[in-house]
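A.B. asks: Protein chains in written order, with this note's numbering: chain A, 1 to 322; chain B, 1 to 324; chain C, 1 to 502.
Be aware that one or more of the hints could be misleading.
Pair ranges (Cβ atoms, derived) [to be verified]:
id, chain 1, residue 1, chain 2, residue 2, range
1, C, Arg365, A, Glu153, 36 to 42 Å
2, A, Val307, C, Asn208, 34 to 40 Å
3, A, Gly86, B, Pro8, 58 to 64 Å
4, B, Pro292, A, Asn228, 50 to 56 Å
5, A, Ser313, C, Thr391, 34 to 40 Å
6, C, Ala371, A, Leu103, 44 to 50 Å
Distance condition first, Cα-Cα at most 25 Å in a straight line; then the derived SDA-like pairs of lysine to any residue [unchecked claim]:
id, chain 1, residue 1, chain 2, residue 2
7, C, Lys390, A, Lys292
8, A, Lys292, B, Glu238
9, B, Lys318, C, Lys390
10, C, Lys256, C, Leu444
11, C, Lys341, C, Lys256
12, B, Lys318, A, Val254
13, B, Lys119, C, Thr118
14, B, Lys318, B, Phe262
15, A, Lys292, A, Thr87
16, C, Lys149, B, Leu206
Please keep in mind that the hints were generated in silico from the structure rather than gathered at the bench.
Quick caveat: nothing in here was measured; it's all calculated off a predicted structure.
Ideal Cβ positions, reconstructed from N, Cα and C, are used throughout, including at glycine.
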Amino acid sequence: MRRWLLPLILLAEIALFTILSGQTFISASDAGAYFQSYFADLLCQSAPVLLLAFGMTIVLMTAGIDLSVGSLVALVACVMSSFPAGTEFWWTAVPLGLALALLLGATNGALIAWLDVPPIIATLSTMILYRGLCFVVMGDLEKSPFLSVPAYEWLGQISGAALLVLLTFIILAFWLNRSRWLREILMLGGNPIAARYAGIPVSRRILQVYSLVGLLGFLAALTFTARNSSVSASSLTGLELQVIVAVVLGGTRVQGGAGSLLGTFYGVLIIAVMDEGLRGAAKWGTEHLPFKISHLEYVLLGLLLVVGVWLNSREKTRRPAA
Amino acid sequence: MTHGRLSPFLRQRLLVLLAGNLVLLIAIAFTMKQGGSFTDVLTRCGPNVAPVILAGLGMTGIICTGAIDLSIASIIVVAGTVFGVLVDRQWPPLPCFAACVATAWSLSACNGLLIRNLKMPAIIITLAGLALYRGLALILADLAIPNFGGSLNIQHESYHAPGKQFASAILLATLVGAFVWEWFASTPRRWLALGSSEEACRLAGLDPRSIRQSAFVVGGLFLGIAALIYVTQIQFIEPARLALGFELQVIGAVILGGTNIFGGEGSYAGTALGALFLYFTAQWMTYAGISPYFQEAITGALIIGVIGMDCALHRNRKRLEELA
Amino acid sequence: MAQSLLQLRAVEKSFVGTRALKPLNLSLVQGEVLGLIGENGAGKSTLIKLLSGVHSPDAGTIEWQGRSVHFSSPHDAINAGIATIHQELAYCGHLTVAENLLLGEPWPRHRWGGVDWTLLHARAATQLARCHLEIPTTRTFSDLTAAQKQEVAIARALNRDARLLILDEPTASLSAPEVERLFAHLNRLRTQGVAILYVSHRLDEILNLTNRVAVLRDGKLVASYPTHEATVSRMVKDMVGRPLEQVYPRSRSYRKAAPLLELEGATREGMFENISFQLHAGEILGLAGLVGAGRSELARAIYGLYPCDTGTMRLKGNPWSPRSPDESLDAGMVYLPEERKRQSLVLDHSVRDAISIGFSDLFTRWGMIRAQEEQSAITNAMRTYDVRAKTVTQPIGTLSGGNQQKAILARWLERKPDIILLDEPTRGVDVGAKAEIHQLIDKLAGSGRAVLLISSDLPEVLSMSDRILVMHHGSIAAELHGDAMTQENVMLAASGLHHANR
């Protein structure tokens, strides 16, 4: 992806929707305050998607895919919600949720690495399985113990959620960029056979990648439950596609071997701004458009995806020497 | 005489599924409570599995070429919306049905055309289609119906004929047609050839892009029929919620039926048996009194079991072939 | 004077990073068999791909039967009457033999439109029978042996009723009787007026079969003469273009040292059996044999990609049974696989990443690579092994074959390994790079490393090795020392006809 393209789209979007929402500023400090709370909200709102998208980016780098993320987060949240609220929630439900998330992620990894099930099939099946387990745990109930847990709501606020997201981003983007681990991931995604010849422990790495998605899924579950306060067995259905669209829009290619966490960051924000902005522009829409403006979201999303990836592939078309 | 067209792997998978379906049917017959009739199970089976099987037939061809179509649920939504809007305009049933099928068909062909001309992976194009088509359906409904409230109401019974009275007949006729075509046409074999090796096709003088597109065109026809049955079964067509997750259900059936997700191998019969297997499993669980909350989990575990075992058995051979 | 069939005028072709063909003129007349020879990377495959419509020339014209033509796809070339057997077989593994054989043709149909499978298989069977092959047409293609696949590919091309038949290394995986059968067929076609362009590394085949020889070197046609004027030494001289000593340097003399790698009865079902040998420090041990004789399979087992069934291995005196290649790397052994693109590289990764993946674990602390040390190691490696790239961020796929190969060597040799397994180290590499790689191998052995050199390039094995093991059908057919190391002895042993010296 051209480096300037995504930030440009993001800026254009923010400008457009600020105008459409009918917001007016009387002074620079007024505008400053508006945008500060705007970004804070944006970051909190999209924290779960962002966290999962970071994991998905690394999964796509290995030429894999993880369709089970939505079910995984839902299951972790469901299991955690079955614990009584109170201070003890912090040392019963939370560690257990973490362990469960890692286990679910590692299950995906084990199916792919050890049993050699193609990623899309393995995670499609676990998507169904994990969602089914949600129903086993919850039935028809909707539980909301989270906000009764002391200090839990902090995770859904700007200080908590944004901190978590930014910290994760910094660790992944900066630490991984200089690690050998990520280079090995990229090589095994680009050419798994060559990776095996180069002595890279392919199975172990794949297991680690999907476990990492589990870990990020746990963090996503925390931020999600802290913000939405309640959870049911059908929470977060369809999240996986939202995440994948954001990652692909960010310039990570599905064939593996390349990817960018910064691009993913932009990709998620572009979708979140659009989502939020179309809602804000509802008034303008009913006055000027013959249809509900929020229905445009799907169309714009689809078009963005095609155009973004097309620009990306056009730039990278080269022919290897024969 | 199969002329070697069914690989040992596929033959084995078909037998396993056939046996599994029989076992499930027998189990259903035995666990049925008093009052339920076994013939009821069979007659109800047709309308219930028809959309999955029919969409699965189309998906089978597409996956055989090494592509995939994630947008089928959204295509069904557009077809359903077109259908609903026309019913709202009080068109007679037949043109409504035709418009529904034609919409789905042309959108699928459009997917094929985009993949061909933009030279992008099918998974990306159809992922975009998944969002785009549903949005188009919503906007279409908004534009066509003043004060659109989110759902289209199909009241008159004559508009439900294909989904309710004739679903089994349509399914059977399409299946027979598909089998005959698979058996005697060269195109399905070309799809498999393309899925096996695009390079070999190109060197043999075939045009890989036209072959792939033909899979989308034929798949679109099956999808059109599937969409017709799907949308004529329900009374309220809600574009925002209709058929959510349907594509994954279909892909699950196709893969369970032995079609190789990377292309090159697959059969219509496998897909049909795979879809039936999933359906009968759910039925059996209902009759056996298994809590509905457990059913999805058991289905998931079952798919993992069948496919995981299969992959694990081929694992060593595949690894060695890769290295050489 | 026979009619001119094909005429190339100033044809050129470049790929990113390399000029594969410089302006080239070539002509072929009816019934002529032209032997095209040249070293790996000389441009033979590119020329063939131009003629078969896989690539289009950048400049120049192809005249076919007197008319200038432009092939935009393989389809056009096939329709014009040019059939090609490519070096790397492309086939549809899941389909049957009959379907693969008739893939590009319209299939026979019943009167009512359906494909007539019985007739299709009958037709395929006739085609196979014409080439004296007995392979069931209903078999799944991927179940065939390598030789059978090759023969089906040949049968497909032979049955196209082509005016020009192009064969690129068709005998690589065939045994002697199969080769004879092929030659009989080709001779029959020649008498029918079909022109043949025959590409092979086996010079004896060129001398046997062809009327004329054309030699390519570095993308240029350097010589062309009737076969009766050709001799092996003349052809080699034209191909190599420089005195042999420069390409095959030898600066050291081997003195017996401690064994670093010892194999005792190593066996893996279906790959190799009862392999015993010792590899000593400072020694270059050549491993010769035909393709498919089990040489690479053996090397992969030593490297730890899969275990042996029985037998023992010892590395530096300790028992050696690696579970994965990372153990081998830690123990000081590296393996350079034979297929660069498939087994070594991610083509769009940068030169820097492609090189440093081999040794950056030596510069990591808590998983982090110490950037400066890594950078200096890369710079150093690129200088030492003479990897020529414009920048280190350039994709490795844009380098020429020789530079790619040197980059892979840099990747592994920068680890300072003691045991080096080289599998076809100069395949697809131009002459200059080839000489450099040979010098490097020579120096490595000179500094006390043990080198196992697997190569199908006979002059290379003969001149580089201190000792040669010849494999045939998975076992060692001969061990050759000193004066016994001749082309004839290696070829005899490789074909399973040699029993002396054992």
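A.B. asks: A separate judgement is required for each hint: does it hold in the structure or not?
C.D. replies: Going through the hints against the structure:
1. C:Arg365 to A:Glu153: 36 to 42 Å: About 39 Å separates the Cβ atoms of Arg365 of chain C and Glu153 of chain A, which means 36 to 42 Å holds.
2. A:Val307 to C:Asn208: 34 to 40 Å: violated (59 Å)
3. A:Gly86 to B:Pro8: 58 to 64 Å: holds (60 Å)
4. B:Pro292 to A:Asn228: 50 to 56 Å: Roughly 25 Å apart at Cβ, these two residues miss the hinted range, so it is violated.
5. A:Ser313 to C:Thr391: 34 to 40 Å: violated (23 Å)
6. C:Ala371 to A:Leu103: 44 to 50 Å: violated (36 Å)
7. C:Lys390 to A:Lys292: Since the Cα atoms of Lys390 of chain C and Lys292 of chain A sit roughly 54 Å apart, the hinted pair is violated (cutoff 25 Å).
8. A:Lys292 to B:Glu238: holds (15 Å)
9. B:Lys318 to C:Lys390: violated (39 Å)
10. C:Lys256 to C:Leu444: Given pair Lys256 of chain C, Leu444 of chain C holds - Cα atoms ~16 Å apart, limit 25 Å.
11. C:Lys341 to C:Lys256: violated (37 Å)
12. B:Lys318 to A:Val254: holds (23 Å)
13. B:Lys119 to C:Thr118: violated (38 Å)
14. B:Lys318 to B:Phe262: holds (14 Å)
15. A:Lys292 to A:Thr87: With Cα atoms ~45 Å apart, Lys292 of chain A and Thr87 of chain A exceed 25 Å; violated.
16. C:Lys149 to B:Leu206: holds (20 Å)
Comparing the model with each numbered hint stated earlier shows that hints 2, 4, 5, 6, 7, 9, 11, 13, 15 do not hold.
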